[in-house]
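A.B. asks: The primary structure of each chain is shown beneath.
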Amino acid sequence: MAELSQSDFATLLRRAGLDLSAAEIEELYTSGYQPFAPMMENVRAGGSRPRESEPAHVFSVDDRA
Amino acid sequence: MTPTIAEAARAIAARTLSPVELTRACLDRIEARDPTLHAFILRTPERALAEARAAETRQMHRTLRGPLDGIPIGHKDIYSTAGLPTTAHSRLLADHVPAADAQTVAMLSGAGVVLMGKLATHEFAIGGPSFDLPWPPARNPWDTTRFTSGSSSGTGAAVADGMILGGTGSDTGGSIRGPAALCGVAGIKPTYGRCSRRGIVPLAFSLDHAGPLAWTAEDCALLLQAMAGHDPLDPASVDVPLPDFSAGIGGSVRGLRVGVVRHFHENDNPATPACARAVEDSARVLAAGGAAVRDVTLPPLMDYQSANSLILHAEAWTLHEPWITSRFHDYGDIMRSRLAMGAVMSAADYIQALRRRRELVAATRAAMAELDVLLVAGAQSEAPPIDAVPKWMAMGKPGFLAPFNLTGLPALSVCAGFGEGGLPVGVQVVGHPWQEPTVFRAGHVIERELAERGRRPQG
Numbered sequence: 001m002a003e004l005s006q007s008d009f010a011t012l013l014r015r016a017g018l019d020l021s022a023a024e025i026e027e028l029y030t031s032g033y034q035p036f037a038p039m040m041e042n043v044r045a046g047g048s049r050p051r052e053s054e055p056a057h058v059f060s061v062d063d064r065a
Numbered sequence: 001m002t003p004t005i006a007e008a009a010r011a012i013a014a015r016t017l018s019p020v021e022l023t024r025a026c027l028d029r030i031e032a033r034d035p036t037l038h039a040f041i042l043r044t045p046e047r048a049l050a051e052a053r054a055a056e057t058r059q060m061h062r063t064l065r066g067p068l069d070g071i072p073i074g075h076k077d078i079y080s081t082a083g084l085p086t087t088a089h090s091r092l093l094a095d096h097v098p099a100a101d102a103q104t105v106a107m108l109s110g111a112g113v114v115l116m117g118k119l120a121t122h123e124f125a126i127g128g129p130s131f132d133l134p135w136p137p138a139r140n141p142w143d144t145t146r147f148t149s150g151s152s153s154g155t156g157a158a159v160a161d162g163m164i165l166g167g168t169g170s171d172t173g174g175s176i177r178g179p180a181a182l183c184g185v186a187g188i189k190p191t192y193g194r195c196s197r198r199g200i201v202p203l204a205f206s207l208d209h210a211g212p213l214a215w216t217a218e219d220c221a222l223l224l225q226a227m228a229g230h231d232p233l234d235p236a237s238v239d240v241p242l243p244d245f246s247a248g249i250g251g252s253v254r255g256l257r258v259g260v261v262r263h264f265h266e267n268d269n270p271a272t273p274a275c276a277r278a279v280e281d282s283a284r285v286l287a288a289g290g291a292a293v294r295d296v297t298l299p300p301l302m303d304y305q306s307a308n309s310l311i312l313h314a315e316a317w318t319l320h321e322p323w324i325t326s327r328f329h330d331y332g333d334i335m336r337s338r339l340a341m342g343a344v345m346s347a348a349d350y351i352q353a354l355r356r357r358r359e360l361v362a363a364t365r366a367a368m369a370e371l372d373v374l375l376v377a378g379a380q381s382e383a384p385p386i387d388a389v390p391k392w393m394a395m396g397k398p399g400f401l402a403p404f405n406l407t408g409l410p411a412l413s414v415c416a417g418f419g420e421g422g423l424p425v426g427v428q429v430v431g432h433p434w435q436e437p438t439v440f441r442a443g444h445v446i447e448r449e450l451a452e453r454g455r456r457p458q459g
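Chains as they are written, first to last, in this note's numbering: chain A, 1 to 65; chain B, 1 to 459.
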């Protein structure tokens, strides 16, 4: 998975609806996203996961609405 | 000294303790100590005295509802309370007054508890300790310059200080067990689905757990007895039999199979000597009681942390999206910064985290196949200075608590002694799904031998 540049990061924040200052974006990118990104890589298990691997579900197929 | 719930319940039943006198003593303690500790967002003394008088009437008529009747408690301020503000410690909900109680609040009220007020939390159970919110953060009663941990910060502080005998918390990545460890009290995150989440301000649907904190494991068992039970209106609630959670308290641990997860605190995120010693001391007292203790290896801590963190951020972002995109600066700096990470995740990131979750649940359950409980460090260190807690503390360094949110397993944190500076240290006892009584049994033994329950914060 390619890491986001600060510019890409700013674009995603904007797309999500956050209109932030350049200073705020830089702080979020440097202090928040930099340690966060490895966790996004970690859950991919190095790409070794079988295609049919299911997610954990909390959905239950009964009529409790 | 503030009695335990079990002690007070026995005295109330024997009519040697008045619920009104007990409540007045707690109100006096709150009056004296809360201006420093900031454990309460809202105090409800008139309501407390009215409820205490009602309990006393039942006491006189011998119609007590059970061991919680007349017991002063507080609710974390994400638990909805009908007619009382429920703020989530946030400017966004400063004027929010729910029309109905959370299911667990109603269940505790039905058991006769006396509500002393609403307790401080990290903003929306994630953003803290924050100094830019309408209310200050709670402080640790063992040393008021220290952090309580969070997010059930007010509950941890108020219970440790003896302002209340017990209280409610919520736990999405460790928010019951963290304050329990740093404040030197007991707190249980029950099995996912054991307690209703209905009426509790959510943080992350698939990780949120409701549970109690109290001075002892026994008191947690008594509170959990009133909080647990199937709620058909909570989609995650599970209809399983309700055991007697106190059944194992005082019981032997002979033959109990205990797995010590040493690599978490020795390699994955090295703990301070006092916190590491708490695990060793706990293993020793369980072995001395006849338990079969051995080491066990789980997947790396960072694997759990990554999946838990991604799921939490994605679900929390989804919940807050309408408000954070329009009122970003009304949130505290810590809350809005952490929440923003959820804005840059893709759907694939979230689903990959859920796939990893399933794998980690399977790996954890396999490692526990020949064990009854796990013994895990409760914290990486004793309480740090509150003004030195990093804004991004949840990033990078994996904590010892999130694995059991991810796996949904019941996890109890109990005090296991004190470090050199006089600050408490805790350990976790983790069980199989729905096996809280076993967890309480082991936790009680550790606490009895190590926790010095006669020792309270000075002040």
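Think of the hints as simulated: they come from the structure by calculation, not from any bench.
One thing to keep in mind: the hints can contain errors.
Simulated restraints on C-beta separations [said to hold, decoys possible]:
hint: 1; chain 1: B; residue 1: Ala388; chain 2: A; residue 2: Ala22; range: 26 to 32 Å
hint: 2; chain 1: A; residue 1: Pro35; chain 2: B; residue 2: Asp132; range: 38 to 44 Å
hint: 3; chain 1: A; residue 1: Ser21; chain 2: B; residue 2: Ala247; range: 54 to 60 Å
hint: 4; chain 1: B; residue 1: Ala247; chain 2: A; residue 2: Ser31; range: 32 to 38 Å
hint: 5; chain 1: B; residue 1: Arg53; chain 2: A; residue 2: Arg15; range: 55 to 61 Å
hint: 6; chain 1: B; residue 1: Ala94; chain 2: A; residue 2: Pro35; range: 29 to 35 Å
hint: 7; chain 1: B; residue 1: Ser381; chain 2: A; residue 2: Leu12; range: 55 to 61 Å
hint: 8; chain 1: B; residue 1: His263; chain 2: A; residue 2: Glu27; range: 32 to 38 Å
hint: 9; chain 1: B; residue 1: Asp132; chain 2: A; residue 2: Arg14; range: 42 to 48 Å
hint: 10; chain 1: B; residue 1: Met1; chain 2: A; residue 2: Leu4; range: 53 to 59 Å
hint: 11; chain 1: B; residue 1: Thr144; chain 2: A; residue 2: Leu4; range: 40 to 46 Å
hint: 12; chain 1: A; residue 1: Glu52; chain 2: B; residue 2: Arg58; range: 37 to 43 Å
Facing chain A, a subset of chain B residues (Cβ under 8 Å, in silico) [unchecked claim]:
hint: 13; residue: Arg91
hint: 14; residue: Trp135
hint: 15; residue: Asp303
hint: 16; residue: Ala340
hint: 17; residue: Arg356
hint: 18; residue: Asp387
hint: 19; residue: Val389
Just so it is clear, CB atoms sit at the ideal spot from N, CA and C, and this is done for glycine as well.
A.B. asks: Quick one: are Met1 (chain B) and Leu4 (chain A) within 53 to 59 Å, going by C-beta?
C.D. replies: 55 Å, holds
A.B. asks: Any CB of chain A closer than 8 Å to the CB of Asp387 (chain B)?
C.D. replies: At 18 Å from the nearest chain A Cβ, Asp387 (chain B) fails the 8 Å test, so the hint is violated.
A.B. asks: For the pair Ser381 (chain B) and Leu12 (chain A), does the Cβ-Cβ distance stay inside 55 to 61 Å?
C.D. replies: About 34 Å separates the Cβ atoms of Ser381 (chain B) and Leu12 (chain A), which means 55 to 61 Å is violated.
A.B. asks: Take the C-beta atom of Glu52 (chain A) and the C-beta atom of Arg58 (chain B), compute their distance, and say whether it sits inside 37 to 43 Å.
C.D. replies: For Glu52 (chain A) and Arg58 (chain B) the Cβ distance comes to about 58 Å; the hint is violated.
A.B. asks: Does the nearest C-beta of chain A fall within a distance shorter than 8 Å of the C-beta of Arg91 (chain B)?
C.D. replies: 18 Å, violated
A.B. asks: Can the hint on Trp135 (chain B) be confirmed by a CB-to-CB distance to chain A that is less than 8 Å?
C.D. replies: 24 Å, violated
A.B. asks: Using Cβ atoms only, decide whether Val389 (chain B) comes closer than 8 Å to chain A, and label the hint accordingly.
C.D. replies: Check failed: Cβ of Val389 (chain B) comes no nearer than 14 Å to chain A, outside 8 Å.
A.B. asks: Go ahead and decide if the range 29 to 35 Å is satisfied by the Cβ distance of Ala94 (chain B) to Pro35 (chain A).
C.D. replies: 31 Å, holds
A.B. asks: A range of 38 to 44 Å was offered for this pair. Does it hold for the Cβ distance of Pro35 (chain A) and Asp132 (chain B)?
C.D. replies: 22 Å, violated
A.B. asks: Against the range 32 to 38 Å, how does the distance between the Cβ atoms of Ala247 (chain B) and Ser31 (chain A) compare: consistent or not?
C.D. replies: 48 Å, violated
A.B. asks: Classify the hint on Arg356 (chain B) as holds or violated, based on whether any CB of chain A lies nearer than 8 Å to its CB.
C.D. replies: 4 Å, holds
A.B. asks: State, for the Cβ atoms of His263 (chain B) and Glu27 (chain A), whether the hinted interval 32 to 38 Å holds or is violated.
C.D. replies: Cβ of His263 (chain B) to Cβ of Glu27 (chain A): about 34 Å, so the range 32 to 38 Å holds.
Hint compliance for this structure: hints 2, 4, 7, 9, 12, 13, 14, 18 and 19 are not met, and every other hint is.
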